[in-house]
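Residues per chain are reported as follows:
Protein chains: 2
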Amino acid sequence: MMRRYQVRFGHFDDARREYVIDRPDTPLPWINYLGSEAYFGLVSNTAGGYSFYRDARLRRLTRYRYNNAPFDLGGRYLYVRDDATGDYWTPSWQPTQRDLDEYECRHGLSYTTIASARGGIRAETLFFVPLGETLEVWRVRVTNERDTAADLSLFSSVEFCLWDAQDDATNFQRNFSTGQVEVADGVIYHKTEYRERRDHFAYFACSEPLAGFDTQRDTFLGAYRGWDRPAAVERGAAFDSVAHGWAPMGSHHVKLALEPGETREVVFVLGYAENPRAEKFDPPGSQTLNKRHVRPTIERWLRPETVAEGFAALGAHWERLLGGFQVATPDTDTDRMVNIWNAYQCMVTFNMSRSASFYESGIGRGMGFRDSNQDLVGFVHIIPERARERILDIAATQMDTGGAYHQYQPLTKRGNNDIGQGFNDDPLWLILGVAAYLKETGDTSILDEPVPFDNVPGSEVPLYEHLRRSLNYTRERLGPHGLPLIGRADWNDCLNLNCFSDTPGEPFQTTENATGGSAESVFIAGQFVLAAKELAGIADLRGLGDEAAEYRAAAEKMTGTVTEHGWDGGWFRRAYDFHGRPVGSGENDEGQIFIEPQGMCVLGGVGLDDGLAVRALDSVAERLATPHGIVLQQPAYSDYRIELGEISSYPPGYKENAGIFCHTNPWIMIAETMVGNGDRAFDYYRRINPSVREAISEVHRCEPYVYPQMIAGRDAPTHGEAKNSWLTGTAAWNFVAITQWILGIRPELTGLRIDPVLPAAWSGFRATRAYRGATYEITVQKPAGVTGRVTHLLVDGERVDGTLLPVAPAGAVVRVEAVVTGPAD
Amino acid sequence: MMRRYQVRFGHFDDARREYVIDRPDTPLPWINYLGSEAYFGLVSNTAGGYSFYRDARLRRLTRYRYNNAPFDLGGRYLYVRDDATGDYWTPSWQPTQRDLDEYECRHGLSYTTIASARGGIRAETLFFVPLGETLEVWRVRVTNERDTAADLSLFSSVEFCLWDAQDDATNFQRNFSTGQVEVADGVIYHKTEYRERRDHFAYFACSEPLAGFDTQRDTFLGAYRGWDRPAAVERGAAFDSVAHGWAPMGSHHVKLALEPGETREVVFVLGYAENPRAEKFDPPGSQTLNKRHVRPTIERWLRPETVAEGFAALGAHWERLLGGFQVATPDTDTDRMVNIWNAYQCMVTFNMSRSASFYESGIGRGMGFRDSNQDLVGFVHIIPERARERILDIAATQMDTGGAYHQYQPLTKRGNNDIGQGFNDDPLWLILGVAAYLKETGDTSILDEPVPFDNVPGSEVPLYEHLRRSLNYTRERLGPHGLPLIGRADWNDCLNLNCFSDTPGEPFQTTENATGGSAESVFIAGQFVLAAKELAGIADLRGLGDEAAEYRAAAEKMTGTVTEHGWDGGWFRRAYDFHGRPVGSGENDEGQIFIEPQGMCVLGGVGLDDGLAVRALDSVAERLATPHGIVLQQPAYSDYRIELGEISSYPPGYKENAGIFCHTNPWIMIAETMVGNGDRAFDYYRRINPSVREAISEVHRCEPYVYPQMIAGRDAPTHGEAKNSWLTGTAAWNFVAITQWILGIRPELTGLRIDPVLPAAWSGFRATRAYRGATYEITVQKPAGVTGRVTHLLVDGERVDGTLLPVAPAGAVVRVEAVVTGPAD
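If you read the sequences in order, they're chains A and B. Here the first sequence is numbered in full-length UniProt numbering, starting from 1 and rising by one per residue. Here the second sequence is numbered in full-length UniProt numbering, starting from 1 and rising by one per residue.
This is chain A alone, in the form it adopts within the complex (with noise of 0.2 angstroms):
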């Protein structure tokens, strides 16, 4: 299949909830995400990805190779064959990349399916991990659409990799020696070092008697053969090859005789299991894997019926989780990310934090403090159950000192050495989370949970006195300006201001930091003003009002630090550097303006009284803004600054340094509907919505349905094009831009606002809203044309001053009218 570039690959499914993408050469592979709990996936439009269990570098089931060529290589693979022709191919296109007469690949929330035809032969592979095990299933189904019968083969693949996903790709004089398969009735168990510590092991079984199994790569395959063309698809036969070292895999051949019409399903389950240590082996003393546990589960998810109930119940679930929120707005795009994927998109980050997608190959990071504070914003109103005990977990690799650990681990929850401590904005996330979870909830007894710092037990003490602890660590590192410290970085983990690196290769966040100066962030400070007045409204729900008006003090304080040292005359400085010296400011010969603090501060409030929040977005807009979104920072820095480090190091256009960031941009979308401009906030949130892009897909390449971390600016030759796609705080920060901001159903402490800040074109818009227990139904009314606000609210038929919904009691269900006044546009 020559490339065309063409616009669309795809199209949205939005009745279904899928992505449904038309042709297999997409121009990135676009993927998608198994499993929600446990077991996780990853897949791709052409079946290419792995699996793991819970963590992608020391659980890693299946193998994939990253940026090989062909990119997106290791997969879920199936061959069907025409043994009388022995023409074979791979339904979902890779590897063998035969032509299909057609192709139709649908992701959907936590499966996909695959569907293609070939000369008559039809097969459709649907892949989801079920709820509540760790296994994933592949349904097959064949059918005959030929007027003759066929006799077929089916071949199944999977390669193994050997648990730890790093050292499997390294350590070749050990691993060549290790690899062990069992197969027994059929199932083939993937048991590398189950012999030795690890009681673990994979399993990958079919529905179908088997004409043969292969289990060592390199027979399967054949000498010097790629998954194109494995010997034992070409001949029709399987090796029944049992691995010993090299490369474990599994296969399955089957056998398939169909008459004109028919159709036949096959299911493949892989699975991960765990057998109690003192039952490793059976019979005891052997060295044979004991499979008494898990052959109920295998036997049970090989019938169809369990399937079908099993894809039933996911459906079922996600209807769940995303039926508390619905939005019917005059845009389509809007709706379908509100809906689907921008929720679902914060799932994944829920999920995955930021270590295992396309870019990110599972074996570098943890979950970050940062990261999961702000993804938790987006995915609280979903699951608040587990929002709790993440936030929970976080707070725990908290330092009694109120500092933290940028990451922890995943699987231990401890925080990582490796990465270590000084990103001085972090402590404050903590308290912008908590504040999203407490206005989401109410659950004020989060407050109350004994948590330990850096997990030491004995340590714990509230959970709120980490919140104060949190924003002392600031207060008491400030700078000469009387700024906050930045540390290793702030929210920017590339702009180190005190780093000084001229060794190449060194990590810019680990090398240790220059002392003697003092670099100051201006976005941290944005940033304290908003975290220390949420902090005070949470003190007043704990009837604290001394200590909140100490907490307001402080942010009216750093409000007029702000003012004084962080206004550069048309835009909000972004920091001092080491030496003293601006950076974001007009006196920059490069790095003028930066889009952080424009948006942190005005998110804080600062300059919304004195009309520095609106210069300073006019000067976003003007500077930074492009038709594919907000840019980090202008001019681009066209060589390397070692005073600023990593920020530099990016060639122009890319990543933090004048990319489209596009975390960063959300917090534009907002700070306009905080100035009123609801026609800006939703032009920009239009620029990177995905679905919007859909239609120059050959220019933004990465998959249309979820957010990119990256858009590249115009500096860079290739403005416009999308990388690191699905995890990104950009998810949470547009669900929320979009739904609190925009559509302004915001979560408060005191009850849900509504607020909304609407373009002028738009004619007002419904949304059902689980809160707290009640269902609200509302109605926002707007004639087109008109902009301003809602000034009361119609609750059930009954007047309400303000915006601010009463809260109903848990299950009732609550009409919300509202009517936005104002003048014509």
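No lab work stands behind these hints, which were simulated from the structure alone. Please note that a few of the clues may not be correct.
Taking beta-carbon pairs under 7 angstroms as the criterion, some of the chain A residues facing chain B (in silico) [said to hold, decoys possible]:
#1 170
#2 195
#3 359
#4 363
#5 505
#6 509
#7 549
#8 579
#9 640
#10 651
#11 654
#12 724
#13 814
Short, incomplete list of chain A residues facing chain B, as computed with Cβ under 7 angstroms [said to hold, decoys possible]:
#14 180
#15 183
#16 184
#17 504
Just so it is clear, the structure is predicted and the values come from calculations on it, not from any experiment. All C-beta atoms, glycine included, are put in the ideal place defined by N, C-alpha and C.
Starting from the known structure of chain A, arrange chain B on it as the hints suggest.
Chain B alone, transformed into the frame defined by chain A:
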């Protein structure tokens, strides 16, 4: 080309010192090494492999994908295209795998040629790294053997690695945005991160005018294509792509119009260069790579005459290196290994240690303290000056306790904290390495060289003091039986008697050791006896007779301890475990006998007087010897034993768990010569001699010209299959076993000994040996069928009693005749 096993896949061309591979689809990639100073490359028989500058992890020039399918992808690929028909192929077979009418790869000493023909077009490529340069040359000769003119395109290709091979393979969220190149005057410059902290870059140049070029991999290949069918080659025209991010690569497109019979030579040069920091850019202040310094080098090496001279110089270099020691024996396999391949492999271990091979991914390991000392005994006679430097580097990583880092970093020469210390055999290897150096060179000045501890300036003491501390390190660390404590491990890194690891994936060598017990090593005891005697000899050289006597007494005492507590009745025990239980004893259910102490104790002289040595060696023959070599222990451990560690983590028959760990086999060969059993010594020698095993290449699978680390033992289903070729101490020790002990040409502190212990069937041999500046032309005569020893020598016709040659003046050429006398077999 369908794979059919055959016995051989090539043949030796001893006259040219080449191994000639006759078909591309060898059982595994059969590789060679380019470079011998700072710039290195691996190259397989199908042009797979990669290049690096000094450090295979941190300065990786080109990208290679280990354990890919097909195996061995990433390399120095040329494509020839017949522009009249569009037919294209790779003369190296990979990656297109198009059928070739002829194919021949010749691996020579630091160079490789791959020649092939298809459709009347012949292409022969020579790859080598010129002496004194940090670049590699590809000299391509394309010949039109048709009787009509041919219009051809030639495309080159390399894929650049973004320098740090580990980061390159994992950190995609950054690395997909950093790639940068320049193309100027037909030269492709890879300069990723040069804009920031790097002052080095790669270049790829071509001697011919270009029809086009490519630098972006996925443009050159086309979307979803691999190296087997690049879009640029398929269409016959490069895209002139300039990489911005993603995957920078280099490809030149050259058009060749060849008359019938015409040959054209095209030279490609791939190199590494650094610029002074102050002169990185040209013009200064720009971001344009300064090419002034490198351009003359590029121009020079694109000239055919430079290439011819450089290749001739490389040949002369190897003639110098190898010419100093050549033998002519009745056994061709012995001759070619001693004269060519074993010596060559020793030189490769000098260059690579254990860093980069087809099994060592180049990112995991530094220079081993123990490894390097052992490698040294294989190359000290070839490059004594560099051996001297290596010794001083190693010794400088020793601690003042006498202990040593187990590894040190090749770039910094600092001890590696990741792997740490506590391998209690390490210090003794320093004595053995220095002894080997002194025996070869007589250069006692090295003993007075000031050498620091742990590289701390000011801590220098004479090297001799390091040796004292090495010996004392053992003496001060004895266990309850008076045997040396084993620490983390002794020579066998996988016998971890203090580790007790039950956590999956936990490294056995770095996990904190248990305390309270005291595991002891019989192996170190034997090694101590050997080292103490060697140090005594060195002390004598320094006139320290008392000290020498003390060391000999210590050796004697330890010999008694071994005899008392290390003897199991029929063989030497291996160790005592943490709880004081014997390991490698008839008392054990498995692991009853280990090879290592049988070799090392006898090497130390233990058991030579009282018959224990003979009994131990008979036990080896009876219990451990297989037709494929001698296994490490028997019976193999069938299950994991937490008290033994990694050794039992391998499936039976692999690696340390009863694999044929080839490194240990020459110890037994030497021991057999020490008890006068030349037949058995030589029999063992031939069992693992790769040249002998060439005849069973379909079983052995690894290269037939170099030793592997391991051959699967009798407990493995793949018994006889080799793994981990090239980088192994096997090379050095086998060279010592055959040359010093079987052929008996053995350097000693006081001169060269001629004391062969030959197989009965031999009728003598001849040798040329350079030694301390003189050249000895040695003839050993022996009636076939006789076993016995040399009793006296004829030196230039003069009788010398005994077997020690008087040291001749430098420059002298000495004729030596020796006669073996003894009983008929």
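How the hints compare with the structure:
1. Nearest Cβ of chain B to the Cβ of residue 170(A): about 5 angstroms, under the 7 angstroms cut. The hint holds.
2. Below 7 angstroms, beta-carbon pairs count as interface contacts, and residue 195(A) has one with chain B at about 6 angstroms; its hint therefore holds.
3. Against a cut-off of 7 angstroms between C-beta atoms, the interface hint on residue 359(A) holds, since the closest Cβ of chain B lies about 4 angstroms away.
4. Checking residue 363(A) against chain B by beta carbon gives a least distance of about 6 angstroms; that is within 7 angstroms, so the hint holds.
5. The beta carbon of residue 505(A) comes within 5 angstroms of a beta carbon in chain B, closer than 7 angstroms, and the hint placing it at the interface holds.
6. Below 7 angstroms, beta-carbon pairs count as interface contacts, and residue 509(A) has none with chain B, the closest being about 12 angstroms; its hint is therefore violated.
7. Restraint check, residue 549(A) versus chain B: the minimum CB separation of about 43 angstroms is more than 7 angstroms; hint violated.
8. Taking 7 angstroms as the C-beta contact cut-off toward chain B, the hint placing residue 579(A) at the interface is violated, the least distance being around 20 angstroms.
9. Checking residue 640(A) against chain B: minimum C-beta separation of about 4 angstroms stays under 7 angstroms; hint holds.
10. For the restraint placing residue 651(A) at the interface with chain B, the shortest Cβ-Cβ distance is roughly 6 angstroms, inside the 7 angstroms limit, so the hint holds.
11. The restraint placing residue 654(A) at the interface with chain B holds, with a minimum CB-CB distance near 4 angstroms, inside the 7 angstroms limit.
12. Taking 7 angstroms as the C-beta contact cut-off toward chain B, the hint placing residue 724(A) at the interface holds, the least distance being around 5 angstroms.
13. Proximity of residue 814(A) to chain B is violated relative to the hint, the smallest CB-CB distance being about 43 angstroms (cut-off 7 angstroms).
14. Hint status for residue 180(A): holds, given a least beta-carbon distance of 6 angstroms to chain B, under 7 angstroms.
15. Interface restraint check: residue 183(A) against chain B, minimum CB-CB distance 14 angstroms, threshold 7 angstroms, status violated.
16. Evaluation of the residue 184(A) hint against chain B yields a violated restraint, the C-beta minimum of about 17 angstroms exceeding 7 angstroms.
17. Nearest Cβ of chain B to the Cβ of residue 504(A): about 4 angstroms, under the 7 angstroms cut. The hint holds.
The structure shown violates the earlier hints numbered 6, 7, 8, 13, 15, 16.
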